[in-house]
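These are the residues of each chain, in order.
Protein chains: 2
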Amino acid sequence: MPVGTRGSVKGLTPQQIEDTGSQIILNNAYHLMLRPGDEMIARRGGVHRFMRWNGPILTDSGGYQAYSMADINALTEEGVTFQSIIDGQKILLTPERSIEVQNNLGADIIMAFDDCPPSVDPASLNESRKRLAAQRSGPFRKGYDHATRLREAHERTVRWLERCVRAHRRPDEQALFGIVQGGTDLDLRRASAEAITNIELPGYAIGGVAVGEGTDLIRSITEFTAPLLPPDKPRYLMGVGYERDIVAAVCAGVDMFDCVLPTRNGRNAQAFTPQGRLHLRNSAFREDDRVIDDSCDCEACRGGFSRAYLRHLFMAKEMLGPTLVSIHNIRHFRRLMLDIRRAIREDNWSDFGRAWPVAERGSNPTPEIGSG
Amino acid sequence: MPVGTRGSVKGLTPQQIEDTGSQIILNNAYHLMLRPGDEMIARRGGVHRFMRWNGPILTDSGGYQAYSMADINALTEEGVTFQSIIDGQKILLTPERSIEVQNNLGADIIMAFDDCPPSVDPASLNESRKRLAAQRSGPFRKGYDHATRLREAHERTVRWLERCVRAHRRPDEQALFGIVQGGTDLDLRRASAEAITNIELPGYAIGGVAVGEGTDLIRSITEFTAPLLPPDKPRYLMGVGYERDIVAAVCAGVDMFDCVLPTRNGRNAQAFTPQGRLHLRNSAFREDDRVIDDSCDCEACRGGFSRAYLRHLFMAKEMLGPTLVSIHNIRHFRRLMLDIRRAIREDNWSDFGRAWPVAERGSNPTPEIGSG
Numbered sequence: 006m007p008v009g010t011r012g013s014v015k016g017l018t019p020q021q022i023e024d025t026g027s028q029i030i031l032n033n034a035y036h037l038m039l040r041p042g043d044e045m046i047a048r049r050g051g052v053h054r055f056m057r058w059n060g061p062i063l064t065d066s067g068g069y070q071a072y073s074m075a076d077i078n079a080l081t082e083e084g085v086t087f088q089s090i091i092d093g094q095k096i097l098l099t100p101e102r103s104i105e106v107q108n109n110l111g112a113d114i115i116m117a118f119d120d121c122p123p124s125v126d127p128a129s130l131n132e133s134r135k136r137l138a139a140q141r142s143g144p145f146r147k148g149y150d151h152a153t154r155l156r157e158a159h160e161r162t163v164r165w166l167e168r169c170v171r172a173h174r175r176p177d178e179q180a181l182f183g184i185v186q187g188g189t190d191l192d193l194r195r196a197s198a199e200a201i202t203n204i205e206l207p208g209y210a211i212g213g214v215a216v217g218e219g220t221d222l223i224r225s226i227t228e229f230t231a232p233l234l235p236p237d238k239p240r241y242l243m244g245v246g247y248e249r250d251i252v253a254a255v256c257a258g259v260d261m262f263d264c265v266l267p268t269r270n271g272r273n274a275q276a277f278t279p280q281g282r283l284h285l286r287n288s289a290f291r292e293d294d295r296v297i298d299d300s301c302d303c304e305a306c307r308g309g310f311s312r313a314y315l316r317h318l319f320m321a322k323e324m325l326g327p328t329l330v331s332i333h334n335i336r337h338f339r340r341l342m343l344d345i346r347r348a349i350r351e352d353n354w355s356d357f358g359r360a361w362p363v364a365e366r367g368s369n370p371t372p373e374i375g376s377g
Numbered sequence: 006m007p008v009g010t011r012g013s014v015k016g017l018t019p020q021q022i023e024d025t026g027s028q029i030i031l032n033n034a035y036h037l038m039l040r041p042g043d044e045m046i047a048r049r050g051g052v053h054r055f056m057r058w059n060g061p062i063l064t065d066s067g068g069y070q071a072y073s074m075a076d077i078n079a080l081t082e083e084g085v086t087f088q089s090i091i092d093g094q095k096i097l098l099t100p101e102r103s104i105e106v107q108n109n110l111g112a113d114i115i116m117a118f119d120d121c122p123p124s125v126d127p128a129s130l131n132e133s134r135k136r137l138a139a140q141r142s143g144p145f146r147k148g149y150d151h152a153t154r155l156r157e158a159h160e161r162t163v164r165w166l167e168r169c170v171r172a173h174r175r176p177d178e179q180a181l182f183g184i185v186q187g188g189t190d191l192d193l194r195r196a197s198a199e200a201i202t203n204i205e206l207p208g209y210a211i212g213g214v215a216v217g218e219g220t221d222l223i224r225s226i227t228e229f230t231a232p233l234l235p236p237d238k239p240r241y242l243m244g245v246g247y248e249r250d251i252v253a254a255v256c257a258g259v260d261m262f263d264c265v266l267p268t269r270n271g272r273n274a275q276a277f278t279p280q281g282r283l284h285l286r287n288s289a290f291r292e293d294d295r296v297i298d299d300s301c302d303c304e305a306c307r308g309g310f311s312r313a314y315l316r317h318l319f320m321a322k323e324m325l326g327p328t329l330v331s332i333h334n335i336r337h338f339r340r341l342m343l344d345i346r347r348a349i350r351e352d353n354w355s356d357f358g359r360a361w362p363v364a365e366r367g368s369n370p371t372p373e374i375g376s377g
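Respectively, the protein sequence lines represent chains G and Y.
Numbering-wise, the first sequence is residues 6 to 377 according to our numbering.
Numbering-wise, the second sequence is residues 6 to 377 according to our numbering.
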């Protein structure tokens with residue numbers, strides 16, 4: 006799922022998104038709640054109509070953004086109080102309010118409001134990373150104990166899910182997914198998966214990964230947790246990731262992904278290819294007449310836009326650069342998913358491996374091309 | 006002609022430009038010469054191939070930008086010495102160099118390198134405007150006399166045109182247009198038109214208008230000068246303008262226009278309609294579910310993007326806002342030109358006037374809608 010944080014996949018028209026083959030996009034409830042407001046969007050007939058996207062939409066619950074983007078003032082059983090990034094206003098986000106926001110936005114899939122602890126024990130971090138973790142996860146009180154915090158977050162996430170289910174006003178139109186927490190503690194992951202899947206829902210997600218714990222832990226948590234979720238319902242790994250992480254997760258049984266990498270990196274002149282990433286501002290591409298990836302059928306590659314031209318657009322700060330590379334990157338990940346489906350259907354992973362060296366198990370997540 | 010200053014109509018793919026119905030675009034030789042460099046573009050096969058625009062392109066000569074954007078160090082018979090906006094390097098732009106740059110870029114229509122004096126006598130300006138005019142036109146030496154400067158510029162423009170013609174290496178592939186100068190002095194305009202059209206060229210332009218002299222003077226200069234140009238060759242009014250200025254100029258016999266208004270104003274949330282401009286950041290549009298102009302068939306209006314959504318995009322600083330409103334504005338001016346053609350063909354200006362109140366002779370150039 007490409008990410009359309011504020012009701013727009015940055016720089017792309019809905020037609021351009023559709024042309025990448027994307028079938029569903031993600032919007033952030035947190036951002037849309039603050040601006041232009043979920044009730045305003047409800048009055049417009051919902052977020053599909055507002056942004057003119059006719060396909061399915063998933064909204065996240067706002068929990069992760071409330072933790073990661075805001076100065077948290079208080080985290081209680083009631084919910085999270087944080088300061089708005091728009092005007093500094095204090096806002097209380099609760100399970101009930103998150104579901105109300107998502108009912109107003111009207112996405113096809115909505116997410117439970119969960120308690121997201123830091124993935125790594127802040128005691129193991131240096132001072133600057135500790136301050137960052139504190140900002141992301143609320144103040145670490147005197148006597149903070151990471152194991153206790155993980156358990157508390159897991160148990161609270163279960164209680165909050167029950168409140169989400171009770172608060173959900175449009176269950177026939179919007180599929181509510183539960184989220185498994187538990188951090189890096191596999192016993193807690195098992196307990197969380199049991200408790201969350203005990204609540205009958207149309208789909209389940211693995212949360213609290215890709216929040217700073219590194220690729221090996223992402224993989225081991227995913228490989229442990231995914232099989233604990235019902236095989237006949239969609240399994241969604243939130244916020245992952247690079248090609249090799251996606252392939253490993255699919256092999257572990259995951260069905261759905263979202264990530265800002267294609268668009269965020271695209272805006273920053275990084276183009277994904279099956280062989281690695283191109284940093285298009287690099288002088289190596291100054292007179293490179295090749296397209297980003299000659300195996301790609303996206304609007305940028307099929308259209309013949311050269312690396313030299315794309316580099317020029319970024320050097321000249323032209324908006325068209327971010328647009329074209331975002332289109333390419335979204336199509337890159339879409340092609341990855343299509344090839345994964347084919348590898349599964351035909352049970353042929355060796356052809357897949359040859360086409361996608363960047364997705365191999367041991368591969369460096371950031372091989373760079375042309376930076377020599 | 007939409008303006009694609011740096012080899013890109015800001016925020017639009019070539020497909021989106023084509024979808025507005027535009028048949029020709031303008032690139033700025035000045036900007037492309039400085040970055041990525043005209044020789045680099047020549048090695049890529051020319052600017053059409055570089056930017057993937059298959060239709061015709063016109064390049065301006067760089068003269069106007071050298072005057073208007075740079076700190077001019079010296080203006081001599083040889084050419085203009087100015088500082089690069091990229092790296093401060095001193096650059097000498099001469100008629101020969103301008104034509105070489107344009108030969109390298111390879112546009113279908115190229116423009117003569119002219120001497121652009123300020124349109125209004127700096128003596129009539131206040132101090133801050135005088136400083137601006139000095140920056141735009143070179144230092145006003147002790148004893149500067151505006152009438153003398155206008156005459157000097159006209160005579161030099163003729164000599165420079167002769168040098169451009171001699172320097173032109175690709176006359177069979179690229180049509181070189183001459184430019185009439187003369188400022189606001191109609192006798193000088195007549196002398197310039199005679200001297201310039203004495204040189205046999207495939208087209209002629211009226212330069213030195215819309216450089217600060219106001220709408221009435223633009224109109225009187227155009228109405229005086231256009232009929233002095235050969236009726237069987239294209240007449241191009243450079244850098245104009247608003248709807249009513251274009252209509253008046255067409256009635257005076259002008260065929261071609263370029264202007265940054267559709268894209269520059271579009272990026273700044275201003276949308277053109279036949280009734281006036283919408284300032285889409287205005288709170289009046291907060292919950293306005295109408296498209297910009299329900300008579301418009303552009304991608305933004307036909308696509309159903311509401312004023313409320315467009316306002317949200319601008320408030321949230323989303324790139325898609327500038328893209329969609331630029332598309333609309335370019336289509337707006339394209340529709341204006343199509344309707345002007347029909348009015349001429351059917352000799353029916355009363356229907357035209359009813360459809361385009363904003364193009365009426367006495368109309369305010371900036372009627373604003375919804376700002377109450």
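No lab work stands behind these hints: they were computed from the structure.
One thing to keep in mind: the hints can contain errors.
[Claimed, not checked] Covered stretches of chain Y (chain G as the covering partner; in silico rule of three or more C-beta atoms under 8 Å from a C-beta of chain G):
hint, segment
1, 26-35
2, 39-49
3, 303-314
4, 322-334
[Said to hold, decoys possible] Below are the DSSO-like pairs computed for lysine-lysine, each with C-alpha atoms no more than 27 Å apart in a straight line:
hint, chain 1, residue 1, chain 2, residue 2
5, G, K135, G, K95
6, Y, K95, Y, K135
7, Y, K322, G, K95
8, Y, K95, G, K322
9, G, K322, Y, K322
10, Y, K147, Y, K135
Just so you know, these numbers come straight off a predicted model, no measurement behind them.
Cβ atoms here follow ideal geometry from the backbone N, Cα and C, with glycine treated the same way.
To see whether the hints hold, each was checked on the structure:
no.: 1; hint: 26-35; result: violated (count 0)
no.: 2; hint: 39-49; result: holds (count 5)
no.: 3; hint: 303-314; result: holds (count 7)
no.: 4; hint: 322-334; result: holds (count 6)
no.: 5; hint: G/K135 - G/K95; result: holds (24 Å)
no.: 6; hint: Y/K95 - Y/K135; result: holds (24 Å)
no.: 7; hint: Y/K322 - G/K95; result: holds (23 Å)
no.: 8; hint: Y/K95 - G/K322; result: holds (23 Å)
no.: 9; hint: G/K322 - Y/K322; result: holds (16 Å)
no.: 10; hint: Y/K147 - Y/K135; result: holds (14 Å)
Hint 1 from the list above is the single one not met by this structure.
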